[in-house]
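So the sequence lines, in the order shown, correspond to chains D and A.
With my numbering, letter number 118 in the first sequence gets 254, and the count goes up by one each step, no holes.
With my numbering, letter number 155 in the second sequence gets 291, and the count goes up by one each step, no holes.
One or more hints might be untrue.
Note: identical chains are not told apart, hence a pair may lie in one copy or across any two.
[Claimed, not checked] Derived lysine to any residue pairs resembling SDA-like cross-links, with alpha carbons at most 25 Å apart:
#1 K257 with G184
#2 K241 with W171
#3 K324 with G354
#4 K241 with A276
#5 K241 with N169
#6 K241 with K257
#7 K175 with E245
#8 K175 with L226
#9 K241 with A273
#10 K241 with A179
#11 K175 with A279
#12 K241 with R252
#13 K286 with F177
#14 K215 with R295
#15 K241 with E263
In short, the hints are calculated from the structure, not lab data.
Number of protein chains: 2
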Amino acid sequence: MLTLFHHPMSTGSRYARLILNEYDIEVELIEENSWSRRKEFLALNPAGTLPVLLAEGDVPVAGATVISEYIDETRGALKRSRRLFPEDSLNRAEVRRLVDWFLIKFENEVTRHMARERIFKLHMTAEQGGGAPDSTAIRAARANITQHMKYIDWLTATRNWLAGPTPSYADMAAAASISILDYLGEIKWAEYKAARDWYTRMKSRPSFRPLLSDRVRGLPPSSHYGDLDF
Amino acid sequence: MLTLFHHPMSTGSRYARLILNEYDIEVELIEENSWSRRKEFLALNPAGTLPVLLAEGDVPVAGATVISEYIDETRGALKRSRRLFPEDSLNRAEVRRLVDWFLIKFENEVTRHMARERIFKLHMTAEQGGGAPDSTAIRAARANITQHMKYIDWLTATRNWLAGPTPSYADMAAAASISILDYLGEIKWAEYKAARDWYTRMKSRPSFRPLLSDRVRGLPPSSHYGDLDF
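Using the sequences and the accompanying hints, generate a full structural model.
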């Protein structure tokens, strides 16, 4: 069986879990606090980042998109109509562009700061950077949410799924980011009708269910987080 | 012919140019200042980032790794022993891990700050964020160079090329980052013997030559930047 080192509130980890769940790939989950910089974990991934998949022979495959490409190469092609990555190279480029949008751009501008200030700091020691959240960082991240939500809203109003007619890695990446912000109650759903409809469809997928039962110690989710009809 | 929107001092742009040069793919280069947020450019890539390749039919392929995957899928497989991406999935995962290391981690911790503070600000207007460099940001980025150089030094001391026995995308990504810092004279080569030997081999490749003649208006390169035997 494969093993995934992850954290419930890490975007890349959620992205990898969604893909593994979509493909019914059995995986043992090990929760890792990347801020602890545990020696055994750094040996698997010197970058110290999540997620890390232990593939066949326990060879580490480190990084969210590195994992998704690996899963596509070794399993995706066999999934036929359930494959989350198109066959045509230009369509693949569009999926990859959107995955990078959510896992790099949105992450750098919003999610990473929100997760750090509002979640991870609760569990970090003072030496690890824990303590009171930095309200300036939260305000700056919050101000950036709007443009990204408008972009999702526009994409989902013009396409059935984010990158085209069928669900793809792009939907998994976007839903991974959005679900963390939604746990924190940071999304004003009333303003984004098409995005809300898309996210309702994402939440209803069986692959999403395990993420909806994730809980952070000391921080309950927003009231509608687990609600399929919010 | 393909078209590449790039900037001479953008890591991702250098990475794409190296790959295109390695494969002798003819390309028209258009220099773009991403900080101008030009409307026609944003229409090609709403993220506003470089590089962007106009592929067959002028379809935009946006983002450094999105381009390198696209080039591998459409051209790389035909390059046989000159291919810069291995065939085995676990070896591909190792190349991708290292590409992400340089294009995301090293970029976020070092290169992006150095390029912005020391280069781009020279050409930005005050409204675009131009002006005097932020010495705190430069100091923080400079402090992070050492661990990355040590990592390159370790990799190149234990492997012939960064990801294994033959040159790969990983070498192109690392050389793209390092060459920008070397232009700025930020690398203390005397401390990294194996890395220096690797970089000398990279600089000697014909694909590298055009990058060595790049010049930034108002900022000449370090004295050894273009020197193949430095």
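Structure versus earlier hints, numbers of those that do not hold, lowest first: When the structure is compared with the hints, none of them turns out to be violated.
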